[in-house]
Structures are given as C-alpha cells and as structure tokens.
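The hints should help you fit chain D onto chain X, whose structure is shown.
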Amino acid sequence: MKNIYLDNAATTRPAPEVVEAMLPYLGELFGNPSSKYYGVGQITRAAVQKARQQVGRLIGVNNISDNPDDPYEIYFTSGGTESDNWALKGAVMCKSKKHIITSAFEHHAVLETAEMLEKSLGCNVCAKQTACEVTILPVDSTGLVNPDDLRKALRDETAIVSIMHANNEIGTIQPIKELAAITHERGALFHTDAVQTVGKIPVDVNDLGVDLLSMSGHKFHGPKGIGALYIRKGTRLDPFLNGGGQERALRAGTHNVAGIVGMGVACELAMKNMEAEAKRERALVETLWQGLSDRIPKIHRNGHPEIRLPGTLNVRFEGAEGEAILMYMDMMGVQVSSGSACSTGDIKPSHVLLAIGVKQEEAHGSIRFSLSHDTTAEDIQYVIDTMPKQLDMIRQMSVTWKG
Amino acid sequence: MNTYSDKVMDHFQNPRNVGEVENADGVGEVGNPTCGDMMRISIRVKENRIDEIKFKTLGCGAAIATSSMTTELAKGKTIDEAMQITRASVAEALDGLPPEKMHCSNLAADGLHAAINDYRKKHGAGE
Numbered sequence: 001m002k003n004i005y006l007d008n009a010a011t012t013r014p015a016p017e018v019v020e021a022m023l024p025y026l027g028e029l030f031g032n033p034s035s036k037y038y039g040v041g042q043i044t045r046a047a048v049q050k051a052r053q054q055v056g057r058l059i060g061v062n063n064i065s066d067n068p069d070d071p072y073e074i075y076f077t078s079g080g081t082e083s084d085n086w087a088l089k090g091a092v093m094c095k096s097k098k099h100i101i102t103s104a105f106e107h108h109a110v111l112e113t114a115e116m117l118e119k120s121l122g123c124n125v126c127a128k129q130t131a132c133e134v135t136i137l138p139v140d141s142t143g144l145v146n147p148d149d150l151r152k153a154l155r156d157e158t159a160i161v162s163i164m165h166a167n168n169e170i171g172t173i174q175p176i177k178e179l180a181a182i183t184h185e186r187g188a189l190f191h192t193d194a195v196q197t198v199g200k201i202p203v204d205v206n207d208l209g210v211d212l213l214s215m216s217g218h219k220f221h222g223p224k225g226i227g228a229l230y231i232r233k234g235t236r237l238d239p240f241l242n243g244g245g246q247e248r249a250l251r252a253g254t255h256n257v258a259g260i261v262g263m264g265v266a267c268e269l270a271m272k273n274m275e276a277e278a279k280r281e282r283a284l285v286e287t288l289w290q291g292l293s294d295r296i297p298k299i300h301r302n303g304h305p306e307i308r309l310p311g312t313l314n315v316r317f318e319g320a321e322g323e324a325i326l327m328y329m330d331m332m333g334v335q336v337s338s339g340s341a342c343s344t345g346d347i348k349p350s351h352v353l354l355a356i357g358v359k360q361e362e363a364h365g366s367i368r369f370s371l372s373h374d375t376t377a378e379d380i381q382y383v384i385d386t387m388p389k390q391l392d393m394i395r396q397m398s399v400t401w402k403g
Numbered sequence: 001m002n003t004y005s006d007k008v009m010d011h012f013q014n015p016r017n018v019g020e021v022e023n024a025d026g027v028g029e030v031g032n033p034t035c036g037d038m039m040r041i042s043i044r045v046k047e048n049r050i051d052e053i054k055f056k057t058l059g060c061g062a063a064i065a066t067s068s069m070t071t072e073l074a075k076g077k078t079i080d081e082a083m084q085i086t087r088a089s090v091a092e093a094l095d096g097l098p099p100e101k102m103h104c105s106n107l108a109a110d111g112l113h114a115a116i117n118d119y120r121k122k123h124g125a126g127e
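One line per chain: the protein sequences are X and D, in this order. Each residue of the first sequence is one higher than the one before, starting from 1 at the first, in this note's numbering. Each residue of the second sequence is one higher than the one before, starting from 1 at the first, in this note's numbering.
Okay, chain X solo, but in the shape it has when bound:
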C-alpha cells in the first residue's frame, strides 16, 4: 500500500537530523537552562542560545550573541498559536490604543484572539478600559489584501495590524513589506503570522519591516510544540506568561530544550535547502495541476496562480464533496486535506475559501495538496494516475453531478 503524505501544511515529518539532535536533550542532557552555575545547566543554556541564533539567521536576525544574557529578538514559545496570541494580546492589553486590524483569511489563532479581545473588557488591572475594536479587511478573489483598504482602516488608535504572510489553505503570499510600511506611517505595530512561509521561502524581518513575526517548528520538518515570536528591539509588548523570568521575563516557563534544539536544526536545514527545494516543489505543483486538470473535467484552482507558496495547491472539484474525496484518496494511500485541517471538527466550509468569494457549495468540494522536501515526482505521478478514477466514482454517486 502506498503512503503518500501531501498534507505538509498541516504538519511535516521531522527531519532525521532534527530527531537525532534532540535525543540527548531528552536524556542525559536534562539540565535546566536557568541553572547557570553548574555544568549540565550551562550545556542546555548554551544549546538554547545556539538554537536562537539558528532561528534568527533563518529570518534575517544575525546579531544574536553567544551570551544568553545579552538582549535578543527571538523568543521561544510553544508554537504558532501561542506566538499569534502573544502578539495581539501583548500589543493591546494594558495599552491605551485599542484598535486591531486583521484580515478575513487569517488563521483562527489570530481571528479568535481578535474576537476574544473585541469581547473582553481587558485585564483586571485596566478593567475600566473598553474592549478592543476589530476591523477585518477583505481579500480579493486570489486572496490578496488591498493596501488601500489598510490605509483607509488605520486610525490614530490602531494598536496593531496582523496580516498573515502566506495563507495555510490557498498559499497566497501577501505584500507584507508594503502593508508594514503603510502601518508604520500611522504609528501602529505590524505583526505577521509567517508559520507557512518560514523555512519555505526567504523571510527577512528587516526587509519585510515587521515588528512581530510568528513561526512554528513543525511546519518545516522540526518538532511539534515549539515555535518562536520575533519581537523587534524597542517594541513594547506585554509579557505573555509570568513566572520564573525566562525569555527576558516576557515568556516564563522552563525551556522546552529538546524542542528548541530541534527547531534550530530544522532552521539550519531549511536555509541550506530552501532555494532548490522551492523551485522543485513549484515544478511538482505545476505538474500536479496540469495532470489533474487534463484528466478531470470541471476542476478549478483556488488562490493566486503566481504569488503563492511553492508547495501548496488548492483545487475545487465540481459535483464532489471534500471529505469524501479525502477519504477515497486515503483508500489509495494518499493523504490530503479538505479545506483546512483545522476545520475538520467543524462542518462549516473554510472561512478562507468563503473570503476569496468561493460559494459555500463550492468550498465544500475543495482539496488542498501540500508538498514538502519528502515529496517525490513519483508521488505526484501516482496522484495524477489514481485521482481521476476516484473522482469519477464520487461523481457517479453524486446527486449534483451532471457529467
């Protein structure tokens, strides 16, 4: 039985080098990085700092010193969701500016956090302050935010603008550099959720001009449960977890040393392979789309045809439902996702597809293929060979298919 995993936007297989690098820190190298006055603590303390440098280098932060006591801009978190929560909450809680701007195609980690801040009355200390106001910018049919919409939405009391770098479902890449510049003209902070781009396309925080950037280890062959938030020097952000003073007292909690080490190695691998890998995946995605659209009638591509992640393809199939397609492909040993894996517990169609103007009945019939370093040309050929038959079977059963 084939096992072809094409759901790499959900998670990726940790690279063997990553797992190998982590193992000692799950065993004999167990010291607490905060125990800086004896050997085993100093070893893990140095390992965390080395990983911080590796993570920094991947996103253009090259000035992190070997000394963990020196200031830095990379803060380890438990993953993309925590980083997103921290960026938004940290930027508005206990602050006088209470307006948030985001977009309709963000990940739930941003949208739900914004919604929570809209409803909540703030923290105990400043309970008198009113809840945040949230403006959700629309996206066009390819998934792009219009910079003019942002310009119009910005106010003097805008605290933060959060726009995803590339979308997890359709892969469209936003003009972050331009959006960040517009935001700064009005004195607000700019955050981007770069969980889908870091490790896949070049990301440079200085070139993009962002103040805050979320990333997640397991999206590029690192381990789960580890991520980071880039916080530009001078950015005023409230602590996310209070406690033992870790991460410059902004994100307390004993370090996930093995996870941090693994993420560091994943960053180094990504840097080495990125250019060739992006080119290879882009070509495979085109082969996949050509192969499927030549053989299966009435299918459409969702998202932007050019300005997109190299390894993501989102396809809408008329007269078929996504979960059924997913399950019949799984029977053939191919794992894909329908809409977004995050919405599989939900029966509503993807908010991202609805945001780009896909109709509800069409959104239900959409499938995401997401490739990785592990995907081969043979894998793609196998999908091209097997999918038409599965689709035909589903459509023959379908009440809306008029073939």
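Worth flagging that the hints you see were computed from the coordinates, not collected in a lab. Note that beta-carbon positions come from the ideal geometry of N, C-alpha and C, so glycine has one too. Misleading hints may appear alongside valid ones.
Here are the simulated distance ranges between beta carbons [as the list claims (entries may be wrong)]:
id	chain 1	residue 1	chain 2	residue 2	range
1	D	Asn32	X	Leu26	49 to 55 Å
2	D	Ala93	X	Arg155	54 to 60 Å
3	X	Met393	D	Asp95	22 to 28 Å
4	X	Asp374	D	Gln13	23 to 29 Å
Just chain D now, kept in the frame of chain X:
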C-alpha cells in the same frame, strides 16, 4: 481511534444500491449543496413493499454511509415499516456517528420518508 466506525467505513468504501430506480414510484430529495450534503432516494414499490431502492448522494463519508445503510434497512420492508426507520436507527445500525455528523450528514432517513410520501401522493394513499 478512528473517526468513523468499521461499519461506516464499510458502507463508505462499498456503498450499496447506488444509482436511480428507473421510472421510480417515489423520489425523495433532501439537503442542499450549500450545507455540503444532498441526497436523492428513489424507490419502486410492489405489493406495498419496497422492492427496489437506490440513492445518489453528494456529501461526506457519513452522508454516503448513511445513504447506503438506509437503502439496506429499507429494502424489502413494507412502506409502513420503512416509515419507522429514523435518523437514530440508521446511526445505530452503523454503530454510531461522530456528534458533528449527526445532523447535516444523517439525512437519508428523511430522504426515504420523502420518497415514500411522494409514492403515497402519486398513488392517492395520502400521508
């Protein structure tokens, strides 16, 4: 743990009675594509019994499995007996469904009832 029971997977992988009964005595259509689930059940009735029953479904794994199971439960039953088949009994026959699938995707019993009502209307039996 699998999301779906073995029975659901069996009916999904090998759906029974797919298609449309030609010159059907009753047809029932329920759901709509906006919800993602829509099905059509067609029946032939002989001597007050469901002699032939087929389905066509647009929908998820649960929608296909419940359609298939409904046709199996109804086949050979009198139309009064078939009216006793409910969403709950279909779900039970499949060893249960995930909670989020109990509503939208479990429409086939309604489709069966609609087909029977259509048959009764056409044959002057009332409801």
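(message) I'd like to know which numbered hints this structure contradicts. Please list them from smallest to largest.
(response) none
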